[in-house]
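J.: For reference, the chains in residue letters:
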Amino acid sequence: MSAGRQYPSEFVDRLIAGDGLAFNELVDQTSGGIYGLGLRMLGNAQDAEDMLQETYLKAHKALSGFEKRSSLNTWLYRIATNEALMMLRKRRSEIHFDPEPTTQEEPGDEVEVVDWCCLPEKEFISEETRTELNQAIAKLSTALRMVFLLRDVRGFSTQETAEILQINEEVVKTRLVRARLKLREELSGYFRERLRGQVKNG
Amino acid sequence: MGKRGHCKGQLKQLSAYIDGELAAEICAQLEAHLQECSDCRVVLNTLQKTIDLYHVPAGDETLPEEVRSRLFARLHLDHLAGEKPGE
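As given, the protein sequences belong to chains A and B, one line each in that order. Counting from 1, position 31 in the first sequence corresponds to residue 31 in this note's numbering; the numbering is continuous, with no gaps. Counting the second sequence from 1 gives a position; this note's numbering is that position plus 1000.
Hints may contain errors.
As the list claims (entries may be wrong) - Heads up, simulated SDA-like pairs for lysine to any residue below, C-alpha to C-alpha not over 25 Å straight-line:
1. K173/A x Q1029/B
2. K1049/B x G155/A
3. K173/A x T1062/B
4. K1008/B x K58/A
5. K173/A x L1034/B
6. K173/A x A138/A
7. K58/A x Q1029/B
8. K1049/B x K58/A
9. K1008/B x N1045/B
To be verified - Chain B is nowhere near these chain A residues, computed Cβ spacing over 10 Å in every case:
10. S31
11. V113
12. R154
13. Q166
Derived from the structure by calculation, the hints contain no laboratory data. Backbone N, C-alpha and C fix where the C-beta goes; we use that ideal spot for every residue, glycine too.
Please take these sequences and the hints and turn them into a complete structure.
T.: Structural data, given as structure tokens:
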């Protein structure tokens, strides 16, 4: 499965030629996904909106030089993730300390073994669970979070993720394993409590 | 229920197993292990569920209307829409 949708060559040619209607269409088709990624990468709506606007301003300027070596979607996400990384770096330098999570990135020696898959579906779609999912992702380092967001949240392939982040595929795979295991561990702690609550409440 | 410290070697394989990226021989060994080890089956199932819970296809995400309005204003898309290609 891949999120790297392909646009017809004729549409891409119109974009490169500066066709405003085509650009309008591109923005409408892709901005929801870019904004959602920004929210999860940056953690707040204002920064996500700034990232969104900068991404399309830069994309619009750079489109005339688009060489079709990568897919248009991959190219757009590369601009967006670079923008997000720049904002995170700027944020760190402005507050004079590094808020990057420093928890161990290798899986720990102990693994939470609790089977929470059996919880009722309403547990997984509750507002509280959504908040927990977001908090768990915010605890990942930027490097792990980026890979997880592109691969598992958005559904880009390993190769596309490597292209977007300009790292090699083995690095993508290693980071993805670490991110998944850390998130599973976090969620297991959360859902263990939910299971206990269920038992208590009969 | 609780913490377990064994099967660390299989932990990293479970992720590749979910993606269907394990070599055939290792895959067969892991599946044999999963038959025997209920803890690893729990970890596999909860790992898959974790991935499923987070997955949101781009097409399912919509831009809030006010964010879209400000984006289009910033991009001067009304003006762009009036341009002819190549101008």
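J.: Grab the minimum beta-carbon distance between R154/A and chain B and tell me whether it stays above 10 Å.
T.: The claim breaks: R154/A does not keep its Cβ more than 10 Å from every Cβ of chain B (closest is about 6 Å).
J.: Does the alpha-carbon distance linking K173/A and L1034/B stay inside the 25 Å limit?
T.: Given pair K173/A, L1034/B holds - Cα atoms ~22 Å apart, limit 25 Å.
J.: Quick one, are K173/A and A138/A close enough, alpha carbons at most 25 Å?
T.: Between K173/A and A138/A the Cα gap is close to 20 Å, so the pair holds against 25 Å.
J.: Does the no-contact call for Q166/A survive, Cβ to all of chain B over 10 Å?
T.: holds (20 Å)
J.: Quick one, are K1008/B and N1045/B close enough, alpha carbons at most 25 Å?
T.: Holds. K1008/B to N1045/B sits at ~16 Å (cutoff 25 Å).
J.: Just to be careful, I want the Cα atoms of K173/A and Q1029/B compared with a cutoff of 25 Å; is the pair within it?
T.: Status holds; Cα separation ~21 Å.
J.: Would the hint linking K1049/B and G155/A be met if the CA-CA limit is 25 Å?
T.: holds (15 Å)
J.: Given the hint that K58/A pairs with Q1029/B, test it: the Cα-Cα distance must not exceed 25 Å.
T.: violated (49 Å)
J.: Need the status of pair K1008/B, K58/A: alpha-carbon distance at most 25 Å?
T.: violated (45 Å)
J.: For the pair we were handed, K1049/B and K58/A, check the Cα-Cα distance against 25 Å.
T.: violated (37 Å)
J.: Please verify whether K173/A and T1062/B have alpha carbons no more than 25 Å apart.
T.: Given that 25 Å is the threshold and the Cα spacing comes to 29 Å, the pair is violated.
J.: Taking the closest pair, is the beta carbon of V113/A still more than 10 Å from chain B?
T.: The assertion about V113/A is violated, with a minimum of 5 Å to chain B.
Of the numbered hints given earlier, the model fails hints 3, 4, 7, 8, 10, 11, 12; all others are met.
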